[in-house]
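Based on the hints, put chain A in the right spot on chain W.
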Amino acid sequence: MSYIEIRGVTKTFINANKEETQVLKGIDLDIKKGDIYGIIGFSGAGKSTLIRCINGLDKPDSGSIKINGKEVTSLDEKGLMLLREKIGMIFQHFNLLRSKNVYDNIALPLRYKKRSPDAIRDKVDELLRIVGLTEKKKSFPSQLSGGQKQRVAIARSLAAEPAILLSDEATSALDPQTTDSILDLLAVLNQKLGITIILITHQMNVIQRICNKVAIIDDGRIVEKGSTFEVFSHPKQRITKKFLESIFRAPSEKEICELQKENPEDEILHLIFTGNKAKQSVISDVTRSHHVDINILYGSIEYVGDQPIGSLFVTVHGNPFDILSAKKSLQNYSVEIEDLRGDPDDTAAIA
Amino acid sequence: MIQQLLPNVFEYAEDMYKAFGETLIMVLISGSIGLLSGLLLGIILVITADGGLYENKPLHKILETVINIFRSIPFVILVALLVSFTRALVGTSIGIKGAIVPMVVGIVPFISRLIEQALLEVDNGVIEAAKAMGISKSYIVFHILIPEARPGLIRSFVTATISLIGLSAMAGTVGGGGIGSFAVRYGYSRYMNDITFVTVVILILGVNIIQSLGNRVAIKISH
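So the sequence lines, in the order shown, correspond to chains W and A. Residue numbering for the first sequence follows this note's numbering, beginning at 329 and increasing consecutively. Residue numbering for the second sequence follows this note's numbering, beginning at 2 and increasing consecutively.
Just chain W, same shape as in the assembly (with noise of 0.2 Å):
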């Protein structure tokens, strides 16, 4: 059994219309304790709502969410809030309070729970230096940076030490390097902390950085799901490959029709190596041993955990048997290969 088990989830919204708009139609999905589990999706695919179902600022119509084999969808009041404590839940516009400093941001739980002020001075003490805030304790919000926000937001939800962390598109208002800095931080806090992290956004490089489980959403569904290397060099869906195109330069639509008009003999594959493959000299091999030419368009190899996945964009040229017995030759490397070339018609249509 897993940690987090969420089944067959539903959604509907009614708007002030009374238009009703079912954001989750149905949601599976398993967390294991210790996971960082990204959810991937474009806005209004559902990610918020799904995760605001979990700690349950949101109420799903139907379906069960069990953490650690509770049932939380059936909770009352007073069993949310308990429930709650122990779940801890960061947001995108860090929502800290303007009229308290930094200290007193990170001790609102804690004085809401009436520790004694020698407990929460200890805790929220230790929890600046885990941040790295200590000298900005009395600084208010609005001198802070984004990123320094962002760590005083963490910090205020780990003080009830939670098991469970949800990151609610944490990074999306930060610029790169600071997103970089933010997600160092939540992976040194599910290594030495052991919290879970559930983290929904909409960059592929957040989740290439940390997740160690993806899942992709699209209008309200998970469309595919499982270990961030297995869905970075397995990817497929459309969309997840659309998703991968911010990771692996890709050619464009236009790109590839010029291509095609140019040679219609050529073939447009985009090959993915993994482990060892992706460093190895495989192209060449292929080239020499099956007298085919192969052009590279875009290439890279870029590193999940520390797995590195190659991608490569290439046309290849020559007699049709002499590629096809490339192309086997290839999955005889366990490359994935993935055909490019749109139907004919497809093409002159947009050509």
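Cross-link-like lysine-lysine pairs, in silico, DSS-like; alpha carbons within 25 Å at most:
(1) Lys-441(W) with Lys-138(A)
(2) Lys-221(A) with Lys-466(W)
(3) Lys-387(W) with Lys-138(A)
(4) Lys-428(W) with Lys-465(W)
(5) Lys-398(W) with Lys-360(W)
(6) Lys-138(A) with Lys-414(W)
(7) Lys-58(A) with Lys-406(W)
(8) Lys-428(W) with Lys-221(A)
(9) Lys-553(W) with Lys-570(W)
(10) Lys-553(W) with Lys-569(W)
(11) Lys-138(A) with Lys-428(W)
(12) Lys-138(A) with Lys-406(W)
(13) Lys-221(A) with Lys-465(W)
(14) Lys-442(W) with Lys-138(A)
(15) Lys-398(W) with Lys-387(W)
(16) Lys-360(W) with Lys-414(W)
(17) Lys-406(W) with Lys-387(W)
(18) Lys-346(W) with Lys-58(A)
(19) Lys-221(A) with Lys-464(W)
(20) Lys-361(W) with Lys-414(W)
(21) Lys-553(W) with Lys-353(W)
(22) Lys-394(W) with Lys-406(W)
(23) Lys-19(A) with Lys-98(A)
(24) Lys-428(W) with Lys-466(W)
(25) Lys-58(A) with Lys-387(W)
(26) Lys-62(A) with Lys-346(W)
(27) Lys-441(W) with Lys-465(W)
(28) Lys-451(W) with Lys-428(W)
(29) Lys-582(W) with Lys-564(W)
(30) Lys-406(W) with Lys-442(W)
(31) Lys-655(W) with Lys-569(W)
On the chain A side, residues computed to face chain W include the following (Cβ under 8 Å):
(32) Gly-126
(33) Met-134
(34) Tyr-140
(35) His-224
Source of the hints: derived by calculation from the structure; they are not laboratory data. C-beta atoms are modelled at their ideal positions from N, C-alpha and C, and glycine is treated no differently.
Frame of chain W; chain A shown alone:
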């Protein structure tokens, strides 16, 4: 020379001090009662609204309607309308006591709306974050919603106090005493323009002092 320019002011100086004193008392008393009840109603308006912490549509609707009704009655008419109520409540419908009752009734709906606005300015995300921490609703209202709205609340108080000065002058003309009735009695009815003039200058100064003090406090407590 000043004495020559403003003869009546000097002659009726004592009445003028007294009139200002009366206005001050009227504003202070109706202000304290008005601010407290307005604060309470403003909070209830916000927390019972759609999606509020204690969502309660019927109560919200009733409150809205009552506030709108009272806000649409011009103050001078309200004073007349409330005569029997005022008499029943404080024993008289004239003088300071008689003026305070309609002043409170007149200002509370206005203050409630100002307070409502100030509270609505609090970022909903902060409330969400507090909920996500498992903090109780009542704690959120008193330890998060109100403290976060403080600068806006102070500004509302200032605006309300200044409006009250205006109301006190109107209440004065219908028998309430204070600076309004003083200015009308001498400045207007007896053509003592210097009294009208000095009254206006003092009011301008007073209002500006209140406003800038309020602004300063609001800036000091907003970070």
